[in-house]
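Chemist: Dock chain Z with the ligands against the given chain R, drawing on the hints supplied.
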Amino acid sequence: MLQVAQKTDDYLSRFAQLEARLAGDGATFLLPIRKKAIERFAQLGFPTTRQEDWRFTNVAPIARTAFGAATGDGEAVEAQQLATSALMQADWPRLVFVNGYVAPQLSSVGKLPGGARLESLAAVAHADPEALQQHLAGYADYQDHPFTALNTAFMEDGAYVHIPKGVYLEQPIHLVFVSTADAEPVVSHPRNLIVAETGSQATIIESYLGLGDGVYFTNAVTEIVVGENAVIDHYKVGREAQQAYHIGTTQIYQDRSSNASSHAVTIGGALVRNDINTVLDGEGAQCTLNGLYLVSGRQHVDNHLRVEHAKPHCDSREFFKGVLDGHGKAVFTGRIIVRKDAQKTDAKQTNMNLLLSDHAQVDTKPQLEIFANDVKCTHGATIGQIDENAMFYLRSRGLSEPASRSLMVYAFASEAIDRIQPQLLRAQLRQTLFDWLPEGHRLQDAR
Amino acid sequence: MLEIRNLHASVEGHEILKGVNLTVNAGELHSIMGPNGSGKSTLAQVLAGRDTYKVTQGEVLYEGRNLLEMDPDERARAGVFMAFQYPVEIPGVNTAYFLRAALNSIRKHRGLEELDAADFLDWVKDKMKLVDMDERLLNRSINEGFSGGEKKRGEILQMAVLEPKLAIMDETDSGLDIDALKIVARGVNTLRSADRAIIVITHYQRVLDYIVPDFVHVLIDGRIVRSGGKELALELEEKGYAGVEQKNAATEPITS
Ligand SMILES: Nc1ncnc2c1ncn2[C@@H]1O[C@H](COP(=O)(O)OP(=O)(O)OP(=O)(O)O)[C@@H](O)[C@H]1O
Ligand SMILES: [Mg+2]
Numbered sequence: 001m002l003q004v005a006q007k008t009d010d011y012l013s014r015f016a017q018l019e020a021r022l023a024g025d026g027a028t029f030l031l032p033i034r035k036k037a038i039e040r041f042a043q044l045g046f047p048t049t050r051q052e053d054w055r056f057t058n059v060a061p062i063a064r065t066a067f068g069a070a071t072g073d074g075e076a077v078e079a080q081q082l083a084t085s086a087l088m089q090a091d092w093p094r095l096v097f098v099n100g101y102v103a104p105q106l107s108s109v110g111k112l113p114g115g116a117r118l119e120s121l122a123a124v125a126h127a128d129p130e131a132l133q134q135h136l137a138g139y140a141d142y143q144d145h146p147f148t149a150l151n152t153a154f155m156e157d158g159a160y161v162h163i164p165k166g167v168y169l170e171q172p173i174h175l176v177f178v179s180t181a182d183a184e185p186v187v188s189h190p191r192n193l194i195v196a197e198t199g200s201q202a203t204i205i206e207s208y209l210g211l212g213d214g215v216y217f218t219n220a221v222t223e224i225v226v227g228e229n230a231v232i233d234h235y236k237v238g239r240e241a242q243q244a245y246h247i248g249t250t251q252i253y254q255d256r257s258s259n260a261s262s263h264a265v266t267i268g269g270a271l272v273r274n275d276i277n278t279v280l281d282g283e284g285a286q287c288t289l290n291g292l293y294l295v296s297g298r299q300h301v302d303n304h305l306r307v308e309h310a311k312p313h314c315d316s317r318e319f320f321k322g323v324l325d326g327h328g329k330a331v332f333t334g335r336i337i338v339r340k341d342a343q344k345t346d347a348k349q350t351n352m353n354l355l356l357s358d359h360a361q362v363d364t365k366p367q368l369e370i371f372a373n374d375v376k377c378t379h380g381a382t383i384g385q386i387d388e389n390a391m392f393y394l395r396s397r398g399l400s401e402p403a404s405r406s407l408m409v410y411a412f413a414s415e416a417i418d419r420i421q422p423q424l425l426r427a428q429l430r431q432t433l434f435d436w437l438p439e440g441h442r443l444q445d446a447r
Numbered sequence: 448m449l450e451i452r453n454l455h456a457s458v459e460g461h462e463i464l465k466g467v468n469l470t471v472n473a474g475e476l477h478s479i480m481g482p483n484g485s486g487k488s489t490l491a492q493v494l495a496g497r498d499t500y501k502v503t504q505g506e507v508l509y510e511g512r513n514l515l516e517m518d519p520d521e522r523a524r525a526g527v528f529m530a531f532q533y534p535v536e537i538p539g540v541n542t543a544y545f546l547r548a549a550l551n552s553i554r555k556h557r558g559l560e561e562l563d564a565a566d567f568l569d570w571v572k573d574k575m576k577l578v579d580m581d582e583r584l585l586n587r588s589i590n591e592g593f594s595g596g597e598k599k600r601g602e603i604l605q606m607a608v609l610e611p612k613l614a615i616m617d618e619t620d621s622g623l624d625i626d627a628l629k630i631v632a633r634g635v636n637t638l639r640s641a642d643r644a645i646i647v648i649t650h651y652q653r654v655l656d657y658i659v660p661d662f663v664h665v666l667i668d669g670r671i672v673r674s675g676g677k678e679l680a681l682e683l684e685e686k687g688y689a690g691v692e693q694k695n696a697a698t699e700p701i702t703s
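Chains R and Z supply the protein sequences, listed in that same order.
In this text, residue positions in the first sequence follow my numbering: the first is 1, and each later residue adds one.
In this text, residue positions in the second sequence follow my numbering: the first is 448, and each later residue adds one.
If we strip away everything but chain R, and leave its shape as in the complex, we get (with noise of 0.2 Å):
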């Protein structure tokens, strides 16, 4: 008999542990969806990679790792230890949290602006459960994928986001997700929901900090509503810690005339999935998905699109960049379904490659699902090495090796960060990218 090394049934035997402690608090209607979620993982298991979606990443390492449930330990991280990677210098409304649990004397809430909300969502399903009863759990399938029925079975805080009918935040909203393990692997369960109504318009960034040394295993769901026509800009970096498992969602829903964008940047993380699926589900609703991954030593990091033209006129637009480097691996998925009412879809797909290491990897591979005859659908997806030519001729004036290759790297991911609106948040990348890059100082005054 087949001996699976999966540590499910700690899942199970750990649900059981927080159903009854979770009895008789406020957000009854979620009861019956963590229960139809954790039967749903028991069913499903951890995926594999006979499982299409799951082709090219392995998740086994986390399948078979016990890891213990994280607790909020706010008080173990100073502001300090967050300083520059988490943006604090910026004065945007910030809610942090470790190990999943808010930390309330990290964060700066403030009071936003036409009774928009911005507040933990342990608090909100105690205190005001029927806020969330309409969207939460709505989107993000729980179905067909394990970890957001972990995910859904575990919640237990993470942000919620209100932007009432025609306020814009001006402010881009920062939501920041510490982990801090160095011991005991743990796992955290962040779910996070932003709602959008009508015409209204907020930036939203969702950074992950690792701090501690220790693995540890991140199990992130973001689900977006953005109403008809409202405008969301929504950022995701991961900056896990070296041995960190990532798995996160990022769940959107399109009304009518909406547009959404949404960036994924990551750079740290032993193996990182990001699943960004956007369903555009009124006519005339536009969305970007943009990325970039900087992927080193033996890293694997998964890019898994999806996006879902349910009705006409809505254009997608993805573009996303890697570079990888010594034993790095990267998978980017690029699927687009197109129903059959979706007349005049409008779909483009990029993603490229610069590999600096002849022992790095990368599966491309657009999915298309076409089911409507007017429609235009383009992809590309390169794959390549620095241009020889161009090294030359910057070496010919004098540059380094390294320093040419440096600027070589620099020009290539630049044209994703320069995507990338909050001016601070795209400094903050652009130091990240010389940080990595190896004679990346020297082009610090690039610009």
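For the record, the hints were derived by calculation from the structure and aren't laboratory data.
Even for Gly, the Cβ is constructed at its ideal location relative to N, Cα and C.
Treat the hints loosely; a few may be bogus.
[Unchecked claim] Per the computed footprint, the stretches of chain Z lying under chain R, defined by three or more beta-carbons under 8 Å from a beta-carbon of chain R, are:
1) 491-498
2) 507-520
3) 523-534
Modeler: Chain Z with the ligands in isolation, oriented as in the chain R frame:
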């Protein structure tokens, strides 16, 4: 300054340079002329350090050092500059940044202070006037979307900024209209000096009306078949390469 002795070079197993001999002293301007495919660019690229060309025999001394042992960037820092026949477009790399980084790497090597952005701008603005280039090109990516003429003038600009000791211009005159040609020639003539050597590789005699060489060499099939003064260019114009080759097939390496 430069001594090329019996240089043989090949690419992908094909021998292209078949024993080139050439001596160039400081203060001299040499012109190398030759038909398509004769090996002119190969010679230029070998001197600049392009490793796709394999040197199979011979040696090159630059200021008494073995040039062939030096990396391309080392050569540049030591004062060798080649203007590319086909300048490379490098999307995403800002021209001003690139030029300043190049200049500073060379200045550092020469023991001079590195220039900050403001000082560099002053430095480069003067040079841009020399080649009649729009300052806005500095903020574009290297050669990206430049016209043919802009690319060639860009090479002269780089040369003017970097102040090499040995400049090799690979067909910088090709494809230029007469006004652009005059600008390029003005750039080159301004740089002529007693401590600098210039090699002008060209296809056409026309440029030599504006840049008057001290020596002219004819390169055919990987060998210098004739060398002479500026009047050789006129003879070439008249008789063509075939005529010149027949007249004097065996040539001594010239020393000047
Ligand atoms: N990278 C290369 N790979 C293969 N063959 C090459 C390469 N570079 C040059 N050659 C060949 O070597 C020969 C000489 O080329 P080279 O470019 O040096 O000539 P050239 O004198 O500069 O010609 P042109 O006047 O056209 O610029 C040609 O036959 C050319 O096809
Ligand atoms: Mg040539």
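Chemist: State for each hint whether it applies.
Modeler: Hints and how they fare:
Three residues within the 8 Å Cβ limit are the bar, and the segment 491-498 of chain Z against chain R gives 3, so the coverage statement holds. Closer than 8 Å: that is the beta-carbon criterion, and the segment 507-520 of chain Z has 3 residues meeting it against chain R, so the requirement of 3 holds. Coverage of the segment 523-534 of chain Z by chain R holds [criterion: at least 3 residues with CB-CB distance below 8 Å; count 6].
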